[in-house]
Amino acid sequence: MATQHSRAAARLMISPAVGVLLIWMIVPLAMTLWFSFQQYNLLYPDRTGFAGWDNYRYFVTDFRFGAAIRNTLVLVLGVLAITTIGGILLALLLDQPFRGQGIVRLLVLAPFFVMPTVSALVWKNMFMNPVNGFFGHIAQAFGAQAGFDFLGQAPLMSVIIMVAWQWLPFATLILLTALQSLDREQIEAAEMDGAGAWSRFVYIVLPHMTRAITVVILIQTIFLLSVYAEILVTTNGGPGTASLNLPFLVYLASIVDNDVGMGAAGGVIAIILANIVAFFLMRAIGKNLET
Amino acid sequence: MARAVSARRSLLTGILAWTIGLVIFFPILWIVVLSFKSEGDAIAAPLAMLRAPWTFEAYAEVQERSDYFKHFWNSVVISVGSTLIGLLIAIPAAWAMAFVPGRRTKDLLMWMLSTKMMPAAGVLVPMYLIFRDFGLLDTLAGLVGVLTLINLPIIVWMLYTYFKEIPGEILEACRMDGADLKREILYILAPMAVPGIASTLLLNVILAWNEAFWTLRLTASDAAPLTAFIASYSSPEGLFYAKLSAASVMAIAPILILGWFSQKQLVRGLTFGAVK
Amino acid sequence: MTFTLRALLGASAAVCLATAALAETTTITVATVNNGDMIRMQGLMDDFYAKHPDIKVEWVTLEENELRQRVTTDIATKGGQFDVLTIGTYEVPIWGKQGWLVSLNDLPADYDADDLLPAIRGGLTVDGNLYASPFYGESSMVMYRTDLMEKAGLKMPEAPTWADIKAAAAGMTDKDAGIYGICLRGKAGWGENMAFLTAMSNSFGAKWFDMDWKPQFDGQPWKDTLTFYLDLMTNYGPPGASNNGFNENLALFQQGKCGMWIDATVAASFVTGKDSTVADKVGFALAPDNGLGKRGNWLWAWSLAIPAGTQKADAAKTFVNWATNKDYLALVASKEGWANVPPGTRSSLYANPEYAKIPFAKMTIDSINTADPTKPTVDPVPYVGVQFVAIPEFQGIGTAVGQQFSAVLAGTTSLEDGLAAAQDLTTREMTKAGYLK
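Residue numbers (my numbering), protein chains in the order written: chain C, 1 to 291; chain A, 1 to 276; chain H, 1 to 437.
Simulated from the structure, these hints should not be mistaken for lab results.
Since this is a predicted model, take the numbers as computed values, not measurements.
It is possible that some hints are incorrect.
As the list claims (entries may be wrong) - Simulated coverage check for chain H against chain A, where a stretch passes if three residues somewhere in it have a Cβ under 8 angstroms from a Cβ of chain A:
(1) 36 to 47
(2) 55 to 66
(3) 249 to 263
Note that CB positions come from ideal geometry on N, CA and C, so glycine has one too.
Bound conformation, chain C alone:
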């Protein structure tokens, strides 16, 4: 329906945003690509030159690379599972009438505002430390010598718990809002027809929330693929490679090793993998976003 005139206007309007994004994408991406083929270690300013595929080869043949890919997927899927399922359950609960609904909603929402570094520091020191952390103290009060050694024995799980804690509020909030827009009469009608709570949930509530769930998964995936602060503060990817993910491996290469070339190669690989994930994600759930 749009006229020739408004199409032209639209292009004009779209251009600054796209232009800025292009610069953001192109300039650092071009530099990253360039460096990924260079021999460039910050601590060896005189050793420079074309490196060919060396950086890529070293990055993918690193014995930690496989673990990093696996852990990245486990982390993303684990957090998604906890936050989506937990979010649906919590949303259903908070949708019921009870005293102090508003306050409980604020309490549940709070972790979303906490800086990732703060959250990781607090979980690591004040909660998961087996001797002086909260859980450790509780275990000792019950006669154990010490609490469970979260970061040593279940490092990836611990990181998943921390990250899920931060993202559960986000999921709950969106799903709750979706739930509240549900037509009550439809539910009541189904109830009259003798539909049980489970079938009401499966046939009416869940389809209604599909789109909100899609949004939760999509947005979270974008952020979860690049989780790194929580790992840096708590386990540093260890013990061994137990909690090492791809962004953290890139961090190790470019910042701990000061190997800009290899860090850049890792960055390029991570972008490619992220785009593959995004592609499949859109294939799988993207149609839910159509109105």
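Once you have looked at the hints, place chains A and H on chain C.
Frame of chain C; chains A and H shown alone:
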């Protein structure tokens, strides 16, 4: 009978919901408590810790050591500034995408979002070199720029999904009435778009406030925001639970309070038109 | 928006005016670690400003690793964000060789470089140039609970062997009472568990590389080192040790949960300080040995250096001189007492009878004096550094190896697999870096 049942059910729901709410909130509550204890008491067992005297010691020390208000102000400038500039760029783009979609609009959006998945660490040195050459290191302008660019994809996408929910017929109708583009935006679109813009703004202020890679790596002292303030209290030699708690409370309180007060507006945009 | 912009413009104009009025003031940016002695210095700046009203100091205080990475990026790209850097004995030889640091040989006479402890000074000197001025120095030593030793009917020698340590750990452990015989570092990191393990391995006759830069994790000495370490930690160590670094162990010791702790000498002022529940029951001994002629103690000095690119080298030197001069030690002593003076840098401090009264003073200086970064191991090695190898690759390799050993301690990897992985990854990195053909 029915009433009695539902009252009991509501009580049970209430107890369950409150329990879960408090469990989720507990870590935050706990650091607030720890922040009012002395360092020695803060690592004691919970009961002994709660019985120990309350004190402002940790806050006093943090206040003495760090220029909290400088960091706070930098955080405000960076998060609000980057969001405002981001909106300025994104609103026209999202408007155009939503109302005059082309064949490639969806792809363009996906591509924008995928730029967010670039691991920051891999780009640090290239960015650092650009910043050095343009004299942007440790400046608020530089950080505002970086955070604008980082959050722009999300801003564009949120606005796009929100704008798409605005019925196109209204625009068609006023076009018939001869309203020009400027009026169309000013009088028809803007009032309907305000809630979406407001929530986009809020979400991005929160994301920018909590961004801890670039804000730490590209600043030294002048432009250092609250994330740098926190980094000076994490794991020093000696006991640090109380001071870290106090600093954490000071760093998250402003954004938490903002978030609480604006949660209704926040939700509206977070749902991305998922709810009609 | 317009209003904000105007306000901002106004503010910057005001800033410009203010700068113009105080044109003579030089502002220097000092990057520092968030450790106690550095924080204390920030509280004593009135003295500096009284003496040098024309210099203003801006602090950037960060957690150790964050600081190291931040400063490395800046100096390597010549970003010029800092005028004074706080760096350690690991960075100084590498950066000095690169020409990234300003030589401090021309500090004023009252700096008295000859007063610096020789071991420390040697670690900060490259080709005759002092490239960093030590702010505080440390070695490592044994800290133990005198009351628990007495209860166990044991006596700690002043210079124990590893066998003595094991006997003491066994005697003091009482897990039901929450007392662990020994606390050692287990958290992965080249400056965490690898600092301890590398120093320990020296006393077992192990080394990182032979004279051809070939990694040595496949040899018997490293296996002995780790076997002994694992034996100590699994039988007498605290739970969750694979995540314990300096801080976690300090907290445990201060709460009376450790019988022994082998760690940095600076810890002595904490375990005898006000937050400690065992302050009056701590004894000190030299780091243990195995009769091979090397003790398992390290050497480290947090030092102030000036990056070569700075425009404000003079003001920076003035500051460095103030902060690491003998007068500064006296200033801290007069304001906060001798126990809080930054230790381990100057001979004159240890000659001071007032300071000698501090219970850990003698053991600190003895420990520092027995460490030799230029001859760290039993066999000759091509590198400098006691608990590290002063080559740029060490941060990455040390951290990766540290992760393997941390996994061994956590029980998720076997000792053999951990050592084999360490050997493989070190060989790979050294080949990549061009040391090995």
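Taking the hints in turn, this is what the structure says about them:
1. By the rule of at least three residues with a Cβ nearer than 8 angstroms to a Cβ of chain A, the coverage given for the region 36 to 47 of chain H holds, with 4 such residues.
2. Check on the region 55 to 66 of chain H: 8 of its residues sit with their Cβ under 8 angstroms from a Cβ of chain A, so the three-residue criterion for coverage holds.
3. Only when three residues or more bring their CB closer than 8 angstroms to a CB of chain A does the claim for the region 249 to 263 of chain H stand; here the count is 4, and the claim holds.
The structure shown violates none of the earlier numbered hints.
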